[in-house]
Amino acid sequence: MSVSQVRIALRNCGVINPENIKDYIARGGYDAMAKCLFAMSQDEVIDIIKKSGLRGRGGAGFPTGIKWETARRAQSDVKYVLCNADEGDPGAFMDRSVLEGDPHAVLEAMAICGYAIGAREGVIYVRAEYPLAVKRLQIAIEQATELGLFGENILGSGFSFTMRLYFGAGAFVCGEETSLMNSVQGGRGEPRLKPPFPANVGLWNKPTNINNVETYANVPTIIRNGADWYRGFGTEKSPGTKVFAVVGKVNKVGLVEVPMGTTLRDIIEGIAGGIPNGKRFKAAQTGGPSGGCIPAEHLDTPIDYESLIALGSMMGSGGMIVMDEDDCMVGIAKFYLTFTAEESCGKCTPCRVGNMRLLETLTRITDGHGVEEDLTSLENLGATIKDTALCGLGQSSPNPILSTLHYFKDEYLAHVREHRCPAGTCQKLVRYRITDKCVGCTVCARNCPVSCISGDRKQKHSIDQSRCIKCGVCFSKCRFGAIVKG
Amino acid sequence: MTAKADACECPPTEEVGSYPEIDAFCDTLPSYDGALIPVMHKAQEEYGWLSRDVLLYISRKLGVPASKVYGVATFYSLFNLEPKGKFKINVCLGTACYVRGAENVLAAFEQELGIKNGEMTGDGLFNLGSIRCVGACGLAPVVMVNDRVFGNVKPEDAKSIIDEYLGEGGEAV
Ligand SMILES: Cc1cc2nc3c(=O)[nH]c(=O)nc-3n(C[C@H](O)[C@H](O)[C@H](O)COP(=O)(O)O)c2cc1C
Ligand code: FES
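From first to last, the protein sequence lines are chains A and B.
Mapping of the first sequence onto this note's numbering: residues 178 to 663, in sequence order.
Mapping of the second sequence onto this note's numbering: residues 58 to 230, in sequence order.
No lab work stands behind these hints: they were computed from the structure.
Hints may be right or wrong, so weigh each one.
[What the hints assert, rightly or not] List time: in silico EDC-like cross-link candidates among lysine to aspartate or glutamate, alpha-carbon distance up to 16 angstroms:
| # | chain 1 | residue 1 | chain 2 | residue 2 |
| --- | --- | --- | --- | --- |
| 1 | A | K654 | B | E213 |
| 2 | B | K145 | B | D220 |
| 3 | A | K199 | A | E319 |
| 4 | A | K383 | B | D90 |
[Stated by the list, open to error] A short, non-exhaustive set of chain A residues, derived as facing chain B with CB atoms under 8 angstroms:
| # | residue |
| --- | --- |
| 5 | P267 |
| 6 | A346 |
| 7 | G347 |
| 8 | V361 |
| 9 | Q362 |
| 10 | V430 |
| 11 | F657 |
| 12 | G658 |
| 13 | A659 |
| 14 | G663 |
All C-beta atoms, glycine included, are put in the ideal place defined by N, C-alpha and C.
Using the sequences plus the hints, can you model the full thing?
Written out as structure tokens, the structure reads:
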């Protein structure tokens with residue numbers, strides 16, 4: 178079956194010139210805002226978002242309409258609309274594409290949200306690592322303000338809304354909403370306990386609605402086309418579409434936007450063109466450092482928020498990293514733990530110390546010093562960290578380990594029992610062997626930096642394992658495929 | 058929101074230099090609330106890194122205790138508390154780049170330059186570092202040199218990339 182993409186969040190990306198507001202307006206831009214300001218009450222706007230079933234695209238999938246309603250009900254003279262454009266998941270770039278390709282969609286949605294909840298100021302927290310996105314947002318704000326679409330008394334409606342940009346400075350935890358607000362206030366980006374939720378106590382302690390870039394990008398079309406139209410895509414519990422950044426071992430790397438409920442197989446084998454070089458699919462990682470690896474037997478699961486959690490992973494922001502037989506699952510778990518251990522803000526002990534211990538254990542295993550008990554301690558400690566950490570970072574950081582332990586236990590066992598890496602990627606465990614395909618060309622022996630390969634010309638060569646430094650030069654130089662690793 | 062805060066009242070104990078660029082930037086701000094990080098971004102853009110002197114200056118200018126300024130400066134990985142080389146080579150170690158062999162690319166740069174990740178060459182020309190996803194995952198593995206992006210980099214490309222900048226930088230330094 179072939180699946181097709183449905184572009185809602187990405188509807189304008191690559192279609193309009195993002196630096197010219199007229200392009201956006203020509204495609205119905207700012208109609209939704211005008212409709213809200215002149216033809217809808219605040220409650221009607223919130224109602225349509227609630228009915229649409231739109232859920233947060235930044236990770237947890239919280240219903241957007243309910244969030245807006247809470248902020249609307251909060252009593253305060255000052256409220257804020259915040260946009261989370263920190264996109265910290267390493268290997269995901271859909272928010273970047275929306276900001277660079279269709280910045281007005283996000284701005285328009287924020288103004289709509291401001292109208293609905295009663296806020297006059299919007300703040301976008303954007304990664305400093307995305308200079309083009311920053312530039313496009315600046316241009317967009319300028320042009321919209323010039324046309325009177327932002328500022329005082331917008332289009333004579335009596336509603337005023339201004340927009341401000343704020344830059345991150347390279348800290349993953351700042352994607353967490355309470356950390357993000359601390360960062361906007363000029364402090365260390367450390368999270369705090371919830372509740373109170375931002376909708377009641379947010380930026381500068383004022384009620385604040387915070388949504389992700391892609392969440393906002395859906396809003397204007399929902400207002401224009403209605404909740405029923407939106408519900409025509411996706412599943413009962415997860416309506417609409419989701420943008421995924423499909424990267425790694427696939428033929429066609431890039432962004433795809435598909436209705437919720439599409440299967441992993443349709444995305445990976447269909448849209449992304451399958452795995453290159455005739456290799457076998459091994460796992461798809463979703464949810465970034467908070468998610469897990471999904472093995473081949475679950476490729477036919479329709480993906481939405483709930484099904485991914487049931488598989489031990491999560492939606493996250495939409496990163497999808499495809500791995501083949503050459504990728505070591507212990508190695509990928511270690512990769513993510515290296516990331517979370519480094520990015521832990523250090524405020525709570527389970528995350529600061531616990532992730533470090535997890536990483537040490539994984540390092541021992543990939544270095545060939547692991548024992549079987551290590552696997553139990555990974556499980557126990559992982560479960561404890563999830564239960565006790567302060568914020569979403571620690572509460573989900575063990576997931577990459579727990580999911581790979583669950584689905585790829587054999588691979589862990591090979592590492593600890595036989596000190597062998599089946600995928601052949603753990604440097605310290607790799608063993609290079611010369612097979613009978615060797616024709617004795619001597620290329621490997623001449624290139625070996627430690628001269629540990631011997632053999633006569635035109636005779637099969639052999640590697641002295643005790644002196645081999647596992648640099649892999651022989652493997653890459655051999656023109657006959659005679660050297661194998663594993 | 059409060060107006061611009063008065064400067065900290067502790068007696069200054071250390072002389073600091075003057076930084077007119079920071080003053081000029083601060084003059085454009087409507088309020089010093091939450092201004093610390095934008096001011097540090099600006100200072101780093103001007104001077105390349107944040108010296109102790111600059112941090113102290115910012116502390117006094119904004120009326121924020123030096124301890125807090127230091128705490129914030131060390132929290133965020135984009136702030137450099139040490140000078141950087143003329144050419145900043147950053148190997149992306151994001152997930153997409155990782156599964157496409159970024160670790161080997163980093164190792165190749167370490168070997169070519171004779172320095173480790175996070176270090177600067179003795180001549181102050183190159184800095185080697187790693188970053189986490191620049192959003193160019195389609196080109197993985199990705200290496201950035203200052204603002205320029207190199208895609209689909211193989212370990213054996215390290216030398217030619219470095220050579221390209223050696224040509225440029227040799228005379229200038
Ligand atoms: C460690 C951590 C990192 C996060 N990073 C991001 C991020 O980069 N972008 C994002 O939109 N949400 C991120 N979130 C989720 C936010 O806390 C928040 O739930 C989201 O911005 C709410 O918007 P939504 O309801 O539209 O999804 C992160 C959460 C955690 C715990
Ligand atoms: S992971 Fe390297 S650019 Fe995204």
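Next on the checklist: Let me make sure I understand: some of the numbered hints might not hold for this structure. Which ones are they, in numerical order?
Outcome noted: 11, 12, 13, 14
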